[in-house]
Amino acid sequence: MSQTTQLERVTPADLRRVAGLASLELSVDEEHSLLRDLNAVLDHVAQLNELDTSSAAAMAQVSEVLGNDSDPTAALRTDVVVPSLDRERVLASAPDSDGIFFKVPKVIER
Amino acid sequence: MPTEIATVTPYAIEEIRSGLQAGAKRAVDVAEEFYTRIDAENPAINAYLSLGRERALQQAQAIDSLASGGGDLPVLAGVPVGIKDVLVMQGTPATAGSRILEGYLPPYDATVVRRLEAAGAVLLGKLNCDEFAMGSSNENSAYGPVRNPRALDRVPGGSSGGAAAAVAAGLAVATLGTDTGGSIRQPASFCGVVGVLPTYGRVSRYGLIAFASSLDRVGPLASTVRDAATVLGVIAGHDPLDATSSLEPVPDYLAEMGKPVAGLKIGVPAEYFADGLDAQVRAAVEDTLARLRATGAEIRPISLPHTRYAVPAYYVIATAEASANLARFDGVRYGYRAPDASTLSAMYRKSRDGGFGAEVKRRIVLGTYVLSEGYYDAYYKKAQQVRTLITQDFLNAFNEVDAIITPVAPTPAFKIGEKADDPIAMYLADIYTVTASLAGICGISVPCGVSREGLPIGAQILGKHFGEGTVFRVAAAVERSLQS
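The listed protein sequences correspond, in order, to chains A and B. Everything in the first sequence is counted per my numbering, starting at 1 for the first residue and increasing by one. Everything in the second sequence is counted per my numbering, starting at 1001 for the first residue and increasing by one.
Among these hints, one or two may not hold up.
DSS-like mimics (lysine-lysine), calculated; alpha carbons at most 30 Å apart, straight line [to be verified]:
1) B:1419 - B:1350
2) B:1419 - A:103
3) A:106 - B:1419
Quick list of simulated restraints, FRET-style, between CB atoms [as the list claims (entries may be wrong)]:
4) A:36 - B:1373: 21 to 31 Å
5) A:101 - B:1043: 39 to 49 Å
6) B:1262 - A:79: 42 to 52 Å
7) B:1301 - A:86: 38 to 48 Å
8) A:108 - B:1373: 33 to 43 Å
9) B:1062 - A:81: 30 to 40 Å
10) B:1252 - A:101: 48 to 58 Å
11) A:101 - B:1354: 20 to 30 Å
12) A:33 - B:1377: 40 to 50 Å
13) A:101 - B:1396: 49 to 59 Å
14) B:1252 - A:46: 41 to 51 Å
15) A:81 - B:1422: 50 to 60 Å
16) A:81 - B:1103: 57 to 67 Å
17) B:1301 - A:33: 35 to 45 Å
The hints are simulated quantities; they were obtained by calculation from the structure and are not laboratory data. Virtual Cβ for every residue (Gly too), placed ideally from N, Cα, C.
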């Protein structure tokens, strides 16, 4: 993408598509205010295009810039089996369970 | 309604430990004293969301038994500590300030919780915060805003508003907060307490309900630099349960803190003193620099040229990571499930719609958008590249200076409701703090003055990666300079 390309603004259809990806059900009021806020924030974000980043690496983790990634396994624990969380305690917080599994509504929709 | 909370002289950590060791006080009495004060003052402040009396008093009794047996007491023995409600404690509610986690009882302890208790701390309860730590004012909590103990019509800052307010109101000796874009430092500044942003990887994130995993840090708030440094010394260090946790040894922060600042080079970035900075905040930070110069520190102008791009880069990266992290809240394993859904996908949508508040939805939608097909390079990758440039600014600066001083926030605490309807104005309140978040460096917010209205003003001291010792050293000098 060239540095001068204007970023597109978000349309109501874009918003509904993204809300679907995020498993959010938005009311009409929510759609209205989110559309306004999203476009305002993205307008603000557009100023990043003033910068030439062609020679800058993308930074996903702080460790990448500390130069200590020569042995990425250094911080990893050994692969041994240890007890997991107690099933009863975990299921105690579940909205629905049969004591062994989490229960959910029908998965296949037709 | 009173306009502020009656002030109390805060206990120091060492005062409690030595009092218990000498048999002059009991940990159970100290805990009860704090619970009595919480019962009296918390309704006006709303700092605590839940109290864990049973577990706290059991721990206090264990400390008292150890003391009466003549055993050596650990460093935080009997010290009442509050925990931001995004960190989990087994069997104590953890809401993250969200309806979607109402009623959730975590089945395990965060590593920082285990370390605090192993060091003798008495964990009083869980502290209010913006929902999923998303906010700069604590107005986004599903359980109501926290009020600033120094001025009850004002915000305490956010997202660790409860953690800062509890220390300021004497409802805890120290607290743990979390900081993703300024969420420890800014409320510390607004409430007039000390708040530490540890280097990324310095403190384990195991048991932290994740917001933005490459940015999230856990750190202490306290009344003094010494107490904050003491708590960091307890919670810092490698944890095999957090793959980003660092193997770097933990130094003796109190020894580092005690060193003089004469000869230290302190950078002052011009970009942090530009338009938009409140005149009183500017004056307080400049006075601080003058006092540091008088103690022999060398004050140097520096430049961090990409500063103004930090807020947009931050809001792309943080929301992208949040949209992924918050996918786990779907009504299946914990928290709120919408009652009226007949299929799984409808249950996901209705549970998330009913469980999340407006700001969280705003950020999930923004984060999903910037990660979606066709926009990834333009937004997310671009922001990550800008993150590199911002980090490089700091690495270059730390070749020339030992520490950097800036304001923490452009203004003192603002009024409740003042910015609630303007997300951009709220995001810009983070302008001086998101830079260090992106770069992964450490920092602190330390009180450096008071406005004409009596509102606290904080100075931010930034240090290089794992440079907490130097940060504490400069912060202690700022603290001393205010007392003399």
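Right, here's what the structure says about each hint:
This hinted pair checks out: residue 1419 of chain B and residue 1350 of chain B have alpha carbons roughly 29 Å apart, not beyond 30 Å. Distance restraint check for residue 1419 of chain B and residue 103 of chain A: the Cα-Cα separation of roughly 42 Å exceeds the 30 Å cut-off, and the hinted pair is therefore not satisfied. Straight-line distance between C-alpha atoms of residue 106 of chain A and residue 1419 of chain B comes to about 43 Å, which puts the hinted pair past the 30 Å bound. Checked against the hint of 21 to 31 Å, the C-beta distance between residue 36 of chain A and residue 1373 of chain B comes to roughly 24 Å, which is consistent with it.
The hint said 39 to 49 Å for the Cβ distance between residue 101 of chain A and residue 1043 of chain B, and at roughly 42 Å that hint holds. Our hint of 42 to 52 Å for residue 1262 of chain B and residue 79 of chain A holds, since their Cβ atoms are close to 50 Å apart. Between residue 1301 of chain B and residue 86 of chain A the Cβ separation comes to about 57 Å, which falls outside the hinted range of 38 to 48 Å. Range check, residue 108 of chain A to residue 1373 of chain B: Cβ separation about 26 Å, and the 33 to 43 Å hint is violated.
Range check, residue 1062 of chain B to residue 81 of chain A: about 32 Å between beta-carbon atoms, so the 30 to 40 Å window is met. Separated by about 50 Å at the C-beta atoms, residue 1252 of chain B and residue 101 of chain A satisfy the suggested range of 48 to 58 Å. With their beta carbons about 24 Å apart, residue 101 of chain A and residue 1354 of chain B fall inside the hinted range of 20 to 30 Å. Judged by the Cβ atoms, the range 40 to 50 Å given for residue 33 of chain A and residue 1377 of chain B is violated: they are separated by roughly 28 Å.
With their beta carbons about 55 Å apart, residue 101 of chain A and residue 1396 of chain B fall inside the hinted range of 49 to 59 Å. Look at residue 1252 of chain B against residue 46 of chain A: about 47 Å separates their beta carbons, and that is inside 41 to 51 Å. For residue 81 of chain A and residue 1422 of chain B, the Cβ-Cβ distance of about 52 Å falls inside the hinted range of 50 to 60 Å, so the restraint holds. Checked against the hint of 57 to 67 Å, the pair residue 81 of chain A and residue 1103 of chain B fails, with Cβ atoms roughly 32 Å apart.
For the hinted restraint 35 to 45 Å between residue 1301 of chain B and residue 33 of chain A, the CB-CB distance of approximately 43 Å keeps it satisfied.
In this structure, the earlier hints numbered 2, 3, 7, 8, 12, 16 are contradicted, and the remaining ones agree with it.
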